[in-house]
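2 protein chains.
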Amino acid sequence: MRALKLRRTAPFFFLLIGLITRILKLDAQAAVPLALMPMPAHIIPGNGQFVIDGSFGVALQGYKEARLVTAEDRFLAALTRETGIPFQQDAQPDQAKFIIQTSGPSDPVEQLGEDESYHLKITPSGAQLMAANPLGVLHGLQTFLQLVRVTPQGFAVPVVAIDDQPRFAWRGLMIDAGRHFMPIPVIERNLDGMEAVKLNVFHWHLSENQGFRAESKIFPLLQEKGSDGRYYTQPQIRGVIQYARDRGIRVVPEFDVPCHTTSWFVGYPQLASGKGPYKIETHWGVFDPAMDPTRESTYQFLDRFFGEMTALFPDAYFHIGGDECDGKEWDANPRVQAFKQAHRLKDNAALQSYFSARVQKLVAAHHKIMEGWDEVLQPDTPKDVVIQSWRGPTALAAAARQGNRGLLSTGYYIDLNQSAAQHYLADPLGGEGASLTPEQRARVLGGEATMWSEFVTPENVDSRIWPRTAAIAERLWSPQEVRDVDSMYARLGAISQKLQYFGLDHLSSSEFMLQRMSGETDPRYLKVLAAVVQPPEGYERGQLKEYESTTPLNRLVDAVSPESETGRRFAELTKTILAGNASPEQWQEERAWLVLWRDNDAKLQPLLENSDLTAELVPVSRTLSQVAAIGLKALDDLRSHRAPDGAALQNNLQVLKNAEKPEAVLRDMVVPPVGLLEQAVAGH
Amino acid sequence: MRALKLRRTAPFFFLLIGLITRILKLDAQAAVPLALMPMPAHIIPGNGQFVIDGSFGVALQGYKEARLVTAEDRFLAALTRETGIPFQQDAQPDQAKFIIQTSGPSDPVEQLGEDESYHLKITPSGAQLMAANPLGVLHGLQTFLQLVRVTPQGFAVPVVAIDDQPRFAWRGLMIDAGRHFMPIPVIERNLDGMEAVKLNVFHWHLSENQGFRAESKIFPLLQEKGSDGRYYTQPQIRGVIQYARDRGIRVVPEFDVPCHTTSWFVGYPQLASGKGPYKIETHWGVFDPAMDPTRESTYQFLDRFFGEMTALFPDAYFHIGGDECDGKEWDANPRVQAFKQAHRLKDNAALQSYFSARVQKLVAAHHKIMEGWDEVLQPDTPKDVVIQSWRGPTALAAAARQGNRGLLSTGYYIDLNQSAAQHYLADPLGGEGASLTPEQRARVLGGEATMWSEFVTPENVDSRIWPRTAAIAERLWSPQEVRDVDSMYARLGAISQKLQYFGLDHLSSSEFMLQRMSGETDPRYLKVLAAVVQPPEGYERGQLKEYESTTPLNRLVDAVSPESETGRRFAELTKTILAGNASPEQWQEERAWLVLWRDNDAKLQPLLENSDLTAELVPVSRTLSQVAAIGLKALDDLRSHRAPDGAALQNNLQVLKNAEKPEAVLRDMVVPPVGLLEQAVAGH
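Chains as they are written, first to last, in our numbering: chain C, 1 to 684; chain X, 1 to 684.
Honestly, I wouldn't trust all of these hints.
A pair holds if it fits inside one copy or across any two, identical chains being indistinguishable in the list.
Claimed, not checked - Cross-link-like lysine-lysine pairs, in silico, BS3-like; alpha carbons within 30 Å at most:
no.: 1; residue 1: LYS545; residue 2: LYS361
no.: 2; residue 1: LYS527; residue 2: LYS603
no.: 3; residue 1: LYS225; residue 2: LYS328
no.: 4; residue 1: LYS328; residue 2: LYS346
FYI, nobody ran anything at the bench for these hints, they're computed from the structure.
Only a predicted model underlies this, so the values are computations on that prediction, with no experimental measurement involved.
Using the sequences plus the hints, can you model the full thing?
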């Protein structure tokens with residue numbers, strides 16, 4: 001009789017995995033006819049498609065330069081990865097089916113505000129890309145690659161006409177290489193990712209309390225004593241700049257002064273306001289060390305250092321940081337106090353303002369435009385200084401009103417584990433920005449995603465940057481009215497998959513880390529848990545546990561995505577059910593998920609003790625099981641219109657309240673939707 | 001009532017995935033206390049373990065050289081990938097817990113037969129590695145990395161004492177870069193894989209009818225006209241040689257003459273026996289073009305070319321190919337015919353022998369030892385010529401009897417999609433080799449896995465090489481009596497996972513390719529099918545379908561492993577059942593698999609038509625379903641001791657017979673075990 005029983009139940013296995021597939025699967029072709037991100041400014045869809053086969057070739061017409069030739073090579077290599085078809089790099093121009101027409105050169109060093117527009121037209125027999133300069137060509141090639149999809153006729157791009165240009169001229173990604181060093185391959189593959197979504201500024205945060213990461217030949221103790229030996233040599237930096245230029249990306253270096261500078265002082269303590277000696281900081285947070293703004297030798301040092309670095313980095317902009325001075329070393333130093341009095345500087349903000357003004361003159365003398373964080377903005381700040389706002393749209397709008405240009409990073413802090421939707425809806429001209437005059441609005445240059453690196457390593461940094469940064473890229477490129485979150489998520493899934501073609505590890509690193517932490521080759525029960533937890537939002541992680549720069553980041557919190565896709569979809573499904581719009585199949589899906597989570601603990605629990613790294617998950621797994629059981633009961637009560645059991649209800653609400661608190665530095669994303677189910681039952 | 005039904009059936013889902021997990025999962029720690037491959041010569045296991053944490057450091061003692069320092073750096077980087085723990089590269093020697101003691105240098109250019117032994121001792125408080133020279137250190141470091149596992153106390157290595165040295169001095173992997181070019185990163189990551197399993201010869205097959213892949217400065221048309229622009233520059237080649245030396249690997253280049261030489265003749269037709277003109281061959285097979293052995297200018301060319309290449313490649317051995325001449329160009333050329341008569345060369349074999357002897361003198365004049373395939377062996381072949389045997393152990397033994405040294409490649413042709421077990425059991429001293437005298441046996445130097453590249457691209461080549469080559473590496477390193485296939489497979493799974501740490505794509509490329517061919521982000525039904533099919537063995541693939549060098553290798557046959565692990569385990573399970581040794585749980589497992597395969601077709605079938613690349617799988621999926629249904633019926637009949645239905649039986653046997661034939665160039669590995677079930681029912 002066992003056999004019979006098995007025969008009956010087996011189909012349910014497929015029903016269940018069918019449901020799971022339906023809820024998780026994104027069929028790019030069917031659901032998202034044009035899975036483009038960022039969405040182009042103008043699209044005219046057509047009928048039919050252009051099939052890509054081994055006869056596909058590219059011809060460059062009009063203006064030519066080496067960058068266009070390498071762009072063509074990279075395009076064909078990417079197309080080979082997308083299709084598995086080997087393309088001949090030396091196709092005869094007269095047989096080429098993809099014609100690229102470039103009108104002229106772009107500037108020798110990429111300038112803010114250069115023409116980045118392109119026109120892409122695809123017909124059933126071929127494709128044409130036209131642009132004023134190579135920048136537009138680069139963007140258009142990426143749009144083409146995003147259009148490629150597999151069809152019954154083979155790989156193809158749909159017939160379409162696209163006219164495209166960016167909304168904002170400054171679309172950046174900052175990577176903090178100070179706190180955790182990021183080797184060159186990490187930088188390069190992320191530049192590839194940036195190109196794929198049309199970001200055009202790589203902001204390289206090169207110095208921090210925890211490490212000085214750029215080689216100075218004039219002041220070699222900066223990197224020699226100010227790092228653990230991991231820094232970028234000048235040839236490597238030149239290589240990155242070339243790599244970025246090939247991809248239409250400017251490189252803006254940041255050397256943060258006068259604070260965030262402990263690593264400078266290890267080799268050059270004379271720059272500091274404190275007595276020293278200094279050592280490389282191994283903790284996270286805001287620290288006291290600050291440059292001595294009273295000594296001429298400080299400015300002489302900076303002048304020579306800036307001279308070296310402005311020669312190394314060709315971009316017109318030069319970021320000097322300027323954020324988060326706590327002033328404690330200044331307060332403790334009598335010379336600094338005397339200086340403030342002598343110069344009638346009423347407080348440390350005024351002192352920093354004095355310092356910033358001196359620094360601005362040094363930067364300007366080296367023919368660069370200074371950029372700094374919010375703090376550098378003072379009433380007398382020169383109008384060409386660009387403000388990067390971490391304090392918010394109000395601060396950004398204030399800068400614009402004062403006549404300074406600025407860019408938004410508030411809302412784009414991708415280290416804070418916020419949802420793609422939150423980032424997506426943050427607009428550089430939202431909030432206070434909406435009330436600016438047209439002239440003031442023009443001073444808002446764009447924005448930058450910021451990858452601060454307290455909690456990332458080369459291993460998992462891709463999963464923090466991608467795919468969420470693609471949503472930010474769309475905010476900065478596409479028209480302001482493109483803001484449908486559902487459409488964004490549907491396209492984000494397709495783009496995320498394509499980003500793999502550029503060597504980004506954002507999808508594969510998690511699996512690898514789960515295998516390692518469990519010691520299993522197929523940690524499937526751990527994966528069930530991993531799919532519904534995520535790191536806490538904001539700065540809570542550092543409050544939950546003590547971290548140092550040497551703390552291994554090899555636990556579940558480091559392996560899971562900052563935004564649980566399963567959790568997000570389950571929450572959507574729950575809302576559909578509670579809105580009364582769910583099909584019987586959706587009720588079944590919801591139930592299948594809850595059963596999966598309720599029963600997973602019994603399988604996972606015995607395995608967790610096998611590893612030091614998973615032992616902390618014992619309560620996390622147990623809580624998921626309890627929460628799912630509550631959800632299951634609530635769902636069944638709702639379905640059968642049963643009245644809730646009052647005592648159980650109170651108890652359940654308490655369990656859910658407790659479950660909201662992170663365990664093992666992880667949030668359980670099943671809790672909020674189950675809370676909604678339970679509340680619906682309570683209100684029944 | 002639906003809810004109740006779901007509640008009842010849901011646990012089966014977990015029962016089922018539990019079963020699947022049990023059958024698929026390899027818990028390295030539990031099942032395989034020392035998951036080492038190759039198995040060391042002598043192991044003394046101990047009690048306890050040495051825990052690896054952030055305080056771990058390495059100290060080099062005794063002889064030092066740059067290679068040891070970079071080996072230490074690479075070791076720590078690999079250990080970081082294995083553990084996620086950031087290690088300080090500059091640990092204080094007096095605090096180091098891993099002491100490496102090197103007695104002296106190895107030869108400036110690695111020599112065949114150098115001492116490769118090492119002694120590794122691990123105690124609860126630390127580890128010690130001792131070796132005569134850096135080669136032993138490199139091997140010992142890899143053994144240490146293989147010992148690392150996650151435990152309840154954190155990452156650790158078990159207490160053990162290992163004394164190890166290789167059985168054979170020549171343990172190689174050949175990569176054919178001629179037919180499909182393999183970029184430098186592919187070569188480098190496979191050198192990493194070779195180091196991990198203690199292989200020590202990289203045989204670089206650099207010229208073929210389909211492409212000449214090494215830069216010659218003296219004869220630049222070789223690469224310029226003889227390739228599609230994809231070739232290795234001399235600096236790149238020097239880089240690979242250095243990369244290999246850093247890993248204790250010799251690099252032996254092969255320039256195949258006098259045949260397999262079409263690509264040479266595109267730029268230098270005067271070398272050929274035919275009239276030309278020649279163009280790069282785009283098909284696979286044996287071709288007619290052959291060098292003209294009658295002209296002195298041929299030897300003058302080769303002398304100058306060998307001079308350039310022997311200077312570029314420092315290894316003492318130089319491979320001149322010499323295989324597969326069909327003689328047709330010679331037969332068609334009156335001058336060659338006249339030459340044969342004049343020199344009393346009775347046939348083309350004798351003519352080639354003449355050529356080989358001339359070539360051998362050229363090679364020897366450049367102070368290199370010639371190596372060639374079986375065909376170069378003639379009665380008068382100089383005794384120092386090394387024979388690489390592709391014809392088999394009998395040919396190899398004949399060479400040894402004749403006084404020539406040789407190595408085995410028969411049985412190690414990893415392009416032929418044989419099982420790891422088949423490769424594993426092929427022994428260089430098996431068959432005829434067993435009857436050799438000790439002196440003759442000593443002439444058998446070892447063996448080489450050969451990765452011929454008709455059907456591989458940079459994308460899937462890793463999955464053809466790994467993990468099966470690790471089994472070959474064990475055959476060549478470990479004592480002859482280490483030949484338990486079950487133990488090999490258990491350890492192979494663990495090693496396969498660890499090989500990922502070196503950037504090898506052998507496990508990840510399949511998933512990626514399935515996504516691409518289906519256009520789905522989660523092609524789970526396709527994966528069920530993919531897990532039980534594999535490419536046909538031997539040379540059948542080329543007979544089933546017409547392939548050219550430009551044919552995209554992006555179909556299921558290219559994505560799946562050469563050896564279906566699921567198929568192998570299902571076959572094992574079936575044998576256990578038929579032997580009457582199966583537990584009730586194993587009967588259940590067997591049934592669950594068959595149900596999974598029977599029902600998968602209904603889910604997969606509608607998806608297959610979405611893509612040109614999966615449409616050919618329609619019959620493959622249907623056949624799997626039919627075969628599984630037959631197996632299910634047979635299993636249930638066996639279980640319940642039911643007599644078979646004679647008519648159905650005949651029909652089923654016919655279906656199974658048909659199903660043995662490849663469809664879409666794929667073998668269904670469920671067919672053989674289901675055939676066994678059906679035969680058992682028939683014999684009931």
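Checklist line | Index of numbered hints that the structure contradicts, given in increasing order | finding: 1
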